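Here are the chains, one letter per residue:
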Amino acid sequence: MKTAVNAVFAAGVLTALLTGLGKAALLPEDINEYENRYMEQFAPLTVESYLDGSFQEQAEKALADQLPWAIDAKKSYNTAVSGFTGSVFDALTRGYREAAAAEDARRLEEEKKAEEERLAAEEKALQEAKDAEERAALEAKLEAERQAREAEIRLQNELSRGIYRGVRNEVKVDSTERYFTLPSGRLVYKEHLMYENRFLAGEQKKLDDHIEAINNLVERHPEITFYTYYIEKETDVNFQTGERSGIFEYLHDNIDLPDENKRGFMIDRFSDFDAWFFKTDHHWCGTGSYRGYTQVLDMILPGETPLEPLEYTEIGKLSGSKATGTDTERYTETVGVWSYDFKPVTITLNGEKSSEYGRQLAYVQRIKDGGTPLENAKYGAVYGPDSGEAIFENPESDNGSILILGESYDNALLMLLSQHFSTLYSVDLRNYKAQTGKVFSFDSYVKEHGIDRVLLIGNLDYYVLQAFILK
Amino acid sequence: MVFSSLPFLFIFISLTCLFYFAFRSLKWRNGVLLFASLVFYSWGEPRLVLLMALVVLAAWAGGLGIDALKDRPKARRACFIGTVSLITLNLAVFKYLGFLVSNINGIFGPVLTVPVIELPIGISFYTFQILSYVIDLYKGNVGVQKSFPRLLLYVSFFPQLIAGPIVRYSTVESEIGRRKEDVNEIAWGLRRFITGLAKKVIISNGVARFAEIVYAGDPQVYGRLMYWLAAIAYSLQLYFDFSGYSDMAIGLGRIFGFHFLENFDHPYVSCSITEFWRRWHISLSTWFRDYIYIPLGGSRVSRGRWFFNIMVVWSLTGLWHGASWNFVFWGLYYGLLLVLEKLVTGRLMAKLPRPISWLITMFIVILGWTIFDLTDPAALSTALRTMFAGGPFRPMDVLAANTGIIEGAFYIPLGLIFMFPVGKLFKKIESSAPGLILANLWSAALLVLCCVYMFGSSFNPFIYFRF
Chain Y
824 MKTAVNAVFA AGVLTALLTG LGKAALLPED INEYENRYME QFAPLTVESY
874 LDGSFQEQAE KALADQLPWA IDAKKSYNTA VSGFTGSVFD ALTRGYREAA
924 AAEDARRLEE EKKAEEERLA AEEKALQEAK DAEERAALEA KLEAERQARE
974 AEIRLQNELS RGIYRGVRNE VKVDSTERYF TLPSGRLVYK EHLMYENRFL
1024 AGEQKKLDDH IEAINNLVER HPEITFYTYY IEKETDVNFQ TGERSGIFEY
1074 LHDNIDLPDE NKRGFMIDRF SDFDAWFFKT DHHWCGTGSY RGYTQVLDMI
1124 LPGETPLEPL EYTEIGKLSG SKATGTDTER YTETVGVWSY DFKPVTITLN
1174 GEKSSEYGRQ LAYVQRIKDG GTPLENAKYG AVYGPDSGEA IFENPESDNG
1224 SILILGESYD NALLMLLSQH FSTLYSVDLR NYKAQTGKVF SFDSYVKEHG
1274 IDRVLLIGNL DYYVLQAFIL K
Chain E
880 MVFSSLPFLF IFISLTCLFY FAFRSLKWRN GVLLFASLVF YSWGEPRLVL
930 LMALVVLAAW AGGLGIDALK DRPKARRACF IGTVSLITLN LAVFKYLGFL
980 VSNINGIFGP VLTVPVIELP IGISFYTFQI LSYVIDLYKG NVGVQKSFPR
1030 LLLYVSFFPQ LIAGPIVRYS TVESEIGRRK EDVNEIAWGL RRFITGLAKK
1080 VIISNGVARF AEIVYAGDPQ VYGRLMYWLA AIAYSLQLYF DFSGYSDMAI
1130 GLGRIFGFHF LENFDHPYVS CSITEFWRRW HISLSTWFRD YIYIPLGGSR
1180 VSRGRWFFNI MVVWSLTGLW HGASWNFVFW GLYYGLLLVL EKLVTGRLMA
1230 KLPRPISWLI TMFIVILGWT IFDLTDPAAL STALRTMFAG GPFRPMDVLA
1280 ANTGIIEGAF YIPLGLIFMF PVGKLFKKIE SSAPGLILAN LWSAALLVLC
1330 CVYMFGSSFN PFIYFRF
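Those sequence lines, one after another, are chains Y and E. Each residue of the first sequence is one higher than the one before, starting from 824 at the first, in the numbering used here. Each residue of the second sequence is one higher than the one before, starting from 880 at the first, in the numbering used here.
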C-alpha cells in the first residue's frame, strides 16, 4: 500500500514537471495579457549562447512566462501579497492619517478665522477713527493694502494662465500627510502613487542640451513663432516639504522667448495636483488636461474662446503606469472623461485616415447605452495614442496651422486644440521614424507644410530625453 | 544553477530523473548523473567547470600515486603533500589571492595590482570534498578510486556541489559503485526536497527581505528594535536557506540512491555555543575537527597549545566562509567563546534554567551572524551601534522608508515557529498509510505553493557566492 501511494506521488510530481516543460517548450504563447507585453520565448541552444549565458537567462524568463498557469500564479501571488500588505499598511497608518486629516482641518479653520478677524479689525478701526486726519491715514493704509492685494490677484491671474515673470507662489504644504515608499520604489502620498522628486542639479546637463537645441531653432527660424509649455508633475514638487525642483524656472530663464510664449502648468499644492492628475497613472486627468488646454490656447490664440466641458462621465477603472509592477490590484481608480461639443475634423495618423483619435467619445457613448464600464482603461486608448504623426484638419477654422512637438501628455489636448486651427500637425519624435518610415527633419517639415507656429510641449522627460532633441 | 529556480525544477531535475530511470544499468545511470552534474555546474559557470574537472584530475592522479606508492612511504608522503598542496593552492588563488594582495597593499601602500579573479561557485565545498578523499586515502580510511569519471561524479554530484553538505568520500564510496533505488526512498527524497525548497523559497526569502530593507535604509529611521529584528531575520534567513539547501541535497541524493549525512539539527534550540556547533553545518565542523583540529593535537595537549589549536581552527572556519576580515573576526569570536565556555561559562550556563541559557545562546548567535553578514566594517559598526544604542521605534518613519517591510515581517514569526523541531510531528504521521497519503498531498501542495512564489517573486538571494 505504502509503495503504491509513494509511486503515485513520485510519478505524479515527475509527470507534472515534465508536462509543464513540454507545454512551455512545445506550445509557447505570444502575448502576456497580464503585463501587457510579448511573452518571453526560449532562445536557440548554441555553443555560443550557452557559453555567454544568454540561453540560460532566456530559458529562465521563458519558463516564468510559458509554464502552465504561470501568469495565474503570478497574479494570485501579487493579489495575496498586496491584499495582506495593503490591509496591514491601512491598519497601521489609519490612526496617523486620521490625526493628519484632523490637523489639516484645524489649520484650515484657524486660517479662516484669522482672515475673518483681520477684516473685522479693519472695519472696527474705521468705525473708531476719531477725526478726519486719523481717518485719512487709516484709509491710505487700507488703500495700500488693497493695492497690494490687487497686485497679488494680478500675479495669481497670470500664474493661473501659466505665465511666469520671475515670481511664483510658495508651495503650500496643506497637509501633514507624508510619503510612504513601496517596495518597488514608488511612493504613496495620500491616495496617489508618486515618482520621486527630480531636482535641477541632477537634470541640468540634459536640460542645457535641450535649451541649446531650442534656442538654435528659434534663432534659425525667425519666420516661425515658437511656444514652449512645461508641464509640472509630482517630480517637480515635494508636497511634504514644499521643495520645488526649479526646473520650470530654469527653462524659463534660459529659453530665448518672451514670457508670454513660454508658459507652464504650475503646481502649487497637493490639492491641485490631486484634482489635475490620475492617482495611478503618470498623466494628467481630464480636469488637468482641460486646464492645460485653456492655458495653451490662451498662449497661442489670446482671446479665443475655449470649448466648455459639458458633462463628466465615469467610463470605468484605471490602474495606470505607476501601478504597473507595484501593486496593480490595490491601486485602481475610477476614470471619467469630460464631453465637449467637438466639430468634425479629418484625422490622419501616420499617413492613414482615421475616424477617431482616442476613444473618449465611444467610451462615453458605451456607458450611455448601458454598456459595462471598462475594467482597465488606458490613457492612450481614451485620449489618443502616441502617434509618430497625427494631422487634424478643421475646415471650419481659419486660424492657420500649427506644429506640436510633444509626448503623450499632449494626446489629451490634440482633439481640443484641433477645434481652433485649420490644420494641426502633431509629431512625437520617439515614434516618428518607426511609424511613418521617414526621418524627421524640422526644416523640411515646416517648409513642406507652411507652418508658422510651433509648440514644444511636455513634462520633464520631454525636456531631458535625447529622443526629443531637435537637431 | 540553483535549486530554487524554475529551470532546475522544470528542465533539469525532471529530465535528469527521466533519463536516469530510463536506464537499468548502474554504469549508464552514473553516466546520466555525471553529465547532469556537469550541466548543472556549467549552467551558471560554463567555463569554470573545466577548472573543477582539472582539480579532480589532479586528485585522481594523486590518489593513484598514493596508492601505487604504498611500499615507499617517503615518496607516498611527498605525493600526498604535493596533491594536497596543489588542491589547496587552487582554492588559495581563486578565493584568497585578491584578499591577500589587498591587505599587503593596505600595509605597504599600493605595491601590487589586486588581481580580479572570478570566484568559482562552490569552490570551498568541492575543494574540501576532494581533500577529504585524498587525506582519507592517505590515512587508509578509503580505497583508491581508479575510475576518473566516478571520482568526478563524487565531487561534481549536483545535489551537494554548490551549497553542501560536504559529503566525504567515505560516505558515498560504496554507493557510487553499488546502490539500490527504491520507490519509497524516491518519495521520501521528494518530500525532503520539497520541504527544503519551501524553507528556502517561502521562509528564507521572506525574512531576507526584512533584513535587506533595514540594512539598506537609514539607521536613524529604523532604530534599535528594527536592527535587532533585522539581525533575527538574517539569522533565520541563513538557517532556512542553508538547512533548506541541505534538505534539498539530502532529498535529491536519496532519489538517486545516495544517503548523505544530516547537516543541520535544529541549531536554534541550542542552550550553549558548543551545542550550537554540534547542530549547525555539521559536515563543516566535523571536517575541521577531523582534518585540522585533531591532527593539530586537539585538546590532548597543553592548555596554551589547545587555545592555539582552537583559534587556528576557528579563524580558518571564518576564512572558509569568505575572504574578508569580518569572517575572520566571526571565527575568532566563536573560538574565544568556545574556550570561555569550556573553561568558565559552560558550567554556569548549565546551572541556569534552560530558557535563560537558550536566550543567552541566541543572543550570542544573533550577534555573531551580524558580524558574519556585514562585510563592510562601517556598516558593521553602524549596525552594532544601532543595536545597542540606536533610537526608538518610529513606525511611521519605518513605513515611510519602505512599506515592503510589512511583507518581510510576516515571515519572521513563521521562521521562529519552524526553527523548532515541529517537522518531527509530520514524520510520525508518515508511518501509517493514511498519514502517508496526507504527507504526500501536503508535499504536493507545498510544491505548488513554492512554484507560485517562484512565479510571483523575483527576490531570490543566493548567499553561497562567497563559498
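Treat the hints loosely; a few may be bogus.
As the list claims (entries may be wrong) - Covered by chain Y, per the in silico footprint, the following chain E stretches (three or more residues, Cβ under 8 angstroms): (1) 1024-1030; (2) 1219-1232.
To be verified - Pair ranges (Cβ atoms, derived): (3) E/N1339 / Y/Q1188: 43 to 53 angstroms; (4) E/S964 / Y/D853: 55 to 65 angstroms; (5) Y/A866 / E/F1338: 16 to 26 angstroms; (6) Y/Q1027 / E/F1242: 46 to 56 angstroms; (7) Y/S877 / E/I996: 15 to 25 angstroms; (8) Y/L841 / E/N1339: 47 to 57 angstroms; (9) Y/L841 / E/Q1099: 23 to 33 angstroms; (10) Y/A866 / E/S1053: 37 to 47 angstroms; (11) E/L936 / Y/E1019: 52 to 62 angstroms; (12) Y/G1025 / E/Q1099: 46 to 56 angstroms; (13) Y/E880 / E/Q1099: 34 to 44 angstroms; (14) Y/D853 / E/K1307: 22 to 32 angstroms; (15) E/A971 / Y/S877: 31 to 41 angstroms.
Hints listed in this document are in silico derivations from the structure and should not be mistaken for laboratory results. Please read these numbers as outputs of a predicted model, since none were measured by experiment. Ideal Cβ placement from N, Cα and C applies to all residues, glycine included.
Here is what the structure says about each hint:
no.	hint	verdict
1	1024-1030	violated (count 0)
2	1219-1232	violated (count 0)
3	E/N1339 / Y/Q1188: 43 to 53 angstroms	48 angstroms, holds
4	E/S964 / Y/D853: 55 to 65 angstroms	57 angstroms, holds
5	Y/A866 / E/F1338: 16 to 26 angstroms	24 angstroms, holds
6	Y/Q1027 / E/F1242: 46 to 56 angstroms	51 angstroms, holds
7	Y/S877 / E/I996: 15 to 25 angstroms	23 angstroms, holds
8	Y/L841 / E/N1339: 47 to 57 angstroms	23 angstroms, violated
9	Y/L841 / E/Q1099: 23 to 33 angstroms	53 angstroms, violated
10	Y/A866 / E/S1053: 37 to 47 angstroms	42 angstroms, holds
11	E/L936 / Y/E1019: 52 to 62 angstroms	54 angstroms, holds
12	Y/G1025 / E/Q1099: 46 to 56 angstroms	24 angstroms, violated
13	Y/E880 / E/Q1099: 34 to 44 angstroms	39 angstroms, holds
14	Y/D853 / E/K1307: 22 to 32 angstroms	50 angstroms, violated
15	E/A971 / Y/S877: 31 to 41 angstroms	32 angstroms, holds
Comparing the model with each numbered hint stated earlier shows that hints 1, 2, 8, 9, 12 and 14 do not hold.
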